[in-house]
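In the order they appear, the protein sequences are chains A and B. Reading the first sequence from the start, the letters are residues 1 to 262 in the working numbering. Reading the second sequence from the start, the letters are residues 1 to 407 in the working numbering.
Derived by calculation from the structure, the hints in this document are not laboratory data. Only a predicted model underlies this, so the values are computations on that prediction, with no experimental measurement involved. From the three backbone atoms N, C-alpha and C, an ideal C-beta is built for every residue, glycine too. Some hints could be false.
List of simulated lysine-lysine pairs, DSS-like, C-alpha gap at most 30 Å [said to hold, decoys possible]:
1. Lys122/B with Lys19/A
2. Lys257/B with Lys242/B
3. Lys25/A with Lys139/B
Residues from chain B that keep clear of chain A, each with C-beta distances beyond 10 Å, as calculated [as the list claims (entries may be wrong)]:
4. Val17
5. Gly20
6. Thr57
7. Ile84
8. Pro91
9. Leu93
10. Asn111
11. Leu125
12. Ile127
13. Thr131
14. His206
15. Ala230
16. Thr240
17. Glu245
18. Lys258
19. Ala354
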Amino acid sequence: MVQPLSGQAIYVVLLRELKRYWRAKARIISSVAQSFFFLAIFGLGLGGFIGGVGKVSYLSYLAPGIICMGLLFGSVFSGVSVIFDRQFGFMKEMLVAPVSRTSIILGKILGGAVTASIQGIILMAVAGIMGAFTPTPALAFGALAAIGVMLLITTGFVGLGVAIGSTLNDFHAFQLLSTFVIWPLFMLSGAFFPIDAVPLPLQVAMLFDPMFYGVELLRWCLLGVGTPMLGPFGWLISLGVLTGFNALMIGIGTYLFSRAQV
Amino acid sequence: MSSAKTDTIEVSGLTKVFNGKVRAVDTISFIVKGGEILGFLGPNGAGKTTTLNMLSTLLKPTSGTATVNGHDIVEESDAVRRSIGYVFQDPTLDIELTGRENLDFHGRLYNLNRNLRKQRIKEMLEIVQLTDRADNLVKTYSGGMKRRLEIARGLLHHPKVLFLDEPTLGLDPQTRHSIWEHIQRLNQEKKITIILTTHYTEEADHLCDRILIIDFGKIVALDTPDKLKAQLEGDVVSLTFKAPEMIPKVHPLFEKKKWIRRVHLLSVDDNQATTNRMMNMMHGMAAGSGMTGGINHGSTGRSRMPKHLEKMQPHGSINQNSFSNQALGSKRLNLLVDDGGHRIPSIVKLVDEAGVALESVELHKPTLDDVFISVTGRNIRDQRGSFMEMVRRHRIMRQARGRQTHG
Ligand SMILES: Nc1ncnc2c1ncn2[C@@H]1O[C@H](COP(=O)(O)OP(=O)(O)OP(=O)(O)O)[C@@H](O)[C@H]1O
Ligand SMILES: [Mg+2]
Chain A
1 MVQPLSGQAI YVVLLRELKR YWRAKARIIS SVAQSFFFLA IFGLGLGGFI GGVGKVSYLS
61 YLAPGIICMG LLFGSVFSGV SVIFDRQFGF MKEMLVAPVS RTSIILGKIL GGAVTASIQG
121 IILMAVAGIM GAFTPTPALA FGALAAIGVM LLITTGFVGL GVAIGSTLND FHAFQLLSTF
181 VIWPLFMLSG AFFPIDAVPL PLQVAMLFDP MFYGVELLRW CLLGVGTPML GPFGWLISLG
241 VLTGFNALMI GIGTYLFSRA QV
Chain B
1 MSSAKTDTIE VSGLTKVFNG KVRAVDTISF IVKGGEILGF LGPNGAGKTT TLNMLSTLLK
61 PTSGTATVNG HDIVEESDAV RRSIGYVFQD PTLDIELTGR ENLDFHGRLY NLNRNLRKQR
121 IKEMLEIVQL TDRADNLVKT YSGGMKRRLE IARGLLHHPK VLFLDEPTLG LDPQTRHSIW
181 EHIQRLNQEK KITIILTTHY TEEADHLCDR ILIIDFGKIV ALDTPDKLKA QLEGDVVSLT
241 FKAPEMIPKV HPLFEKKKWI RRVHLLSVDD NQATTNRMMN MMHGMAAGSG MTGGINHGST
301 GRSRMPKHLE KMQPHGSINQ NSFSNQALGS KRLNLLVDDG GHRIPSIVKL VDEAGVALES
361 VELHKPTLDD VFISVTGRNI RDQRGSFMEM VRRHRIMRQA RGRQTHG
């Protein structure tokens with residue numbers, strides 16, 4: 001059953017996500033603060049101890065990874081919030097309207113990607129103020145590219161969240177989700193340490209983590225360097241992997257969502 | 001487009017089986033005419049919401065078919081959705097948005113253009129008297145305000161058919177009456193066809209052109225309120241006793257009399273009693289007697305109850321123990337009597353001779369409550385649903401009541 005997409009429906013669901021995001025100021029502040037603590041304490045603390053990675057300081061090295069942490073948590077939880085929409089009934093209001101479920105879920109994914117990226121932009125600014133990035137004309141361009149990259153990164157992870165949220169039915173699974181999905185994705189993303197420096201099994205695990213490629217891309221944008229292991233076209237490889245991941249996750253998320261009962 | 005004559009809803013053999021075993025809706029068939037208000041009356045778990053969910057395309061029927069506004073609910077679900085408005089039983093507002101934003105969201109989903117949206121939102125807010133609160137977040141609304149907003153939302157896109165699932169559950173009488181007025185006005189002015197579910201018999205009686213009584217997923221009666229009541233020939237004599245333990249003594253006496261058509265045992269069946277019973281259950285008190293609701297099943301005599309339903313009754317006879325567990329005070333017997341006014345002296349004499357103390361005697365024409373008892377064998381306010389459903393219902397009612405005091 002192929003149902004037509006409705007731009008109006010996608011837009012209105014997106015609009016709702018934005019409004020809800022903007023109104024939950026406490027949540028924005030607390031997640032920005034959390035990332036800031038990571039950046040400040042690990043960046044300066046571990047940085048004083050390690051010095052730097054390659055040519056960049058540890059704080060600079062860490063900054064794209066911490067931005068990705070914000071993107072990851074923001075996007076997965078925003079996707080998983082389909083559980084709340086079901087629990088609090090609003091899902092029924094959307095499902096009984098004459099619009100396709102695909103439109104609804106695309107709006108949801110887009111909304112999650114935009115809000116998580118806003119979070120990322122705030123973090124990028126915070127890191128910039130902390131002196132994580134060398135101010136050059138190239139950085140202005142890189143920061144713009146980074147915003148595009150953030151949207152790319154978050155789309156797939158909102159899709160993952162939607163897929164999980166459409167399968168799970170209760171809040172208790174939240175703890176499990178955080179422990180077994182989000183944290184491992186983050187810790188294997190290469191945010192803290194370069195892949196070249198770890199044992200082989202860990203390297204393999206990292207290469208299977210889509211967020212690894214997200215961190216890689218952001219480093220290219222903001223620092224102008226990538227992981228030596230991926231070579232000079234590491235950014236292109238990362239772009240390819242993330243695009244593939246997004247396509248897969250949008251597909252799975254949409255499928256599982258349209259199958260779920262109210 | 002001659003909506004007045006056509007049948008707006010046609011249901012044929014509609015069935016829903018959950019998990020391969022729960023027959024929530026069991027081969028029901030009926031027709032709703034254009035512009036009609038049809039009431040679904042039934043106890044908890046009867047299958048009212050499930051029926052509406054199928055008609056609104058949210059659930060796929062296990063078998064059977066139905067058309068809404070001429071469109072098949074499975075094959076043409078999009079056209080069906082464009083024709084309907086649905087005010088759900090459970091809250092479905094986004095409480096983090098304002099009232100106006102909730103309506104605007106809805107208008108966009110139904111593809112109303114900007115001007116039309118603005119104009120309709122203004123109009124609907126006035127009808128439900130929420131204009132001055134429209135720009136507050138919904139989480140600051142009272143239960144009654146939320147319900148009115150949901151009704152406004154269901155009507156914003158001018159649906160041909162409106163489904164109202166327990167529109168007044170948990171609302172105070174004043175709010176309930178104002179919602180009744182809206183419903184009637186919409187039905188008359190906009191010629192909207194309405195199905196509403198309720199387990200308030202007075203609501204069904206007041207609002208509906210016809211009433212469909214549904215029980216265990218089956219239709220047990222379908223007619224106008226007047227005709228349904230007229231089926232019960234005679235009068236209802238309601239006896240209240242000083243001590244509930246006395247009832248088993250007099251019960252058999254009545255069954256022997258030819259002029260007493262039917263005898264029904266009732267608990268004190270106001271909402272308060274129901275709420276008390278639910279609270280008791282939730283606190284783990286009176287668990288044995290409350291859950292089954294057994295004491296209320298006193299239907300005996302020449303009842304027309306189908307055989308398969310009789311088996312489902314938890315207690316056929318009166319259980320002495322459950323009386324003493326109930327802290328509800330007096331109990332009532334309802335008698336359906338030919339020419340009740342003249343029989344009252346004989347009835348009082350019978351009770352006197354049995355040495356039982358009466359508290360009061362009351363005579364009334366059969367109401368829908370009596371009709372319900374006579375076709376289902378029990379009181380509509382029996383809570384037959386699962387424990388969780390009761391907890392949920394209790395929560396909704398409490399929320400609605402609690403918030404009303406603030407607004
Ligand atoms: N999604 C579901 N899965 C399994 N069983 C269900 C589901 N929805 C409803 N049921 C069962 O179907 C039966 C009918 O439920 P329904 O909600 O239609 O009753 P109702 O008449 O609306 O009751 P109420 O007055 O409590 O709202 C009940 O036994 C209920 O437990
Ligand atoms: Mg219901």
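Hints, verified against the model:
Of the supplied pair hints, the one linking Lys122/B and Lys19/A holds, its CA atoms being roughly 21 Å apart against a limit of 30 Å. A C-alpha spacing of about 23 Å is found between Lys257/B and Lys242/B, which places the hinted pair at or below 30 Å, so the restraint holds. Distance hint between Lys25/A and Lys139/B is fulfilled; the C-alpha atoms sit about 16 Å from each other, no more than 30 Å. At the 10 Å boundary, the C-beta of Val17/B stays outside the reach of chain A, the nearest C-beta of that chain being 14 Å off.
Distance check for Gly20/B against chain A: the nearest CB is about 15 Å away, which clears 10 Å, and the non-interface claim stands. Its closest Cβ contact with chain A, about 7 Å, brings Thr57/B to no more than 10 Å, contrary to its assignment away from the interface. For Ile84/B, the non-interface assignment is contradicted: its Cβ lies about 8 Å from the closest Cβ of chain A, within the 10 Å cut-off. Consistency note on Pro91/B: stated as away from chain A, yet its beta-carbon is not over 10 Å from all of that chain's, at 5 Å minimum.
Once the 10 Å rule is applied to beta carbons, Leu93/B is inconsistent with being away from chain A; the minimum gap is 7 Å. Not every C-beta of chain A lies more than 10 Å from that of Asn111/B, the closest at about 6 Å, which undercuts listing it as non-interface. Every C-beta of chain A lies more than 10 Å from that of Leu125/B, the closest at about 18 Å, which supports listing it as non-interface. Here Ile127/B stays apart from chain A, with its beta-carbon at least about 19 Å from theirs, past the 10 Å limit.
Against the 10 Å criterion, Thr131/B stays outside the reach of chain A, whose nearest CB is about 21 Å from its own CB. Remark: the non-interface label on His206/B is consistent with the geometry, its nearest Cβ contact in chain A lying 27 Å away (cut-off 10 Å). The beta carbon of Ala230/B is kept farther than 10 Å from every beta carbon of chain A, the shortest such distance being approximately 38 Å. Listed as a non-interface residue, Thr240/B keeps its Cβ farther than 10 Å from every Cβ of chain A; the least gap is roughly 41 Å.
No Cβ of chain A comes within 10 Å of the Cβ of Glu245/B; the nearest lies about 46 Å off, and the non-interface call holds. Separation of Lys258/B from chain A is adequate, the least Cβ-Cβ distance of about 53 Å exceeding the 10 Å criterion. Remark: the non-interface label on Ala354/B is consistent with the geometry, its nearest Cβ contact in chain A lying 53 Å away (cut-off 10 Å).
Of the numbered hints given earlier, the model fails hints 6, 7, 8, 9, 10; all others are met.
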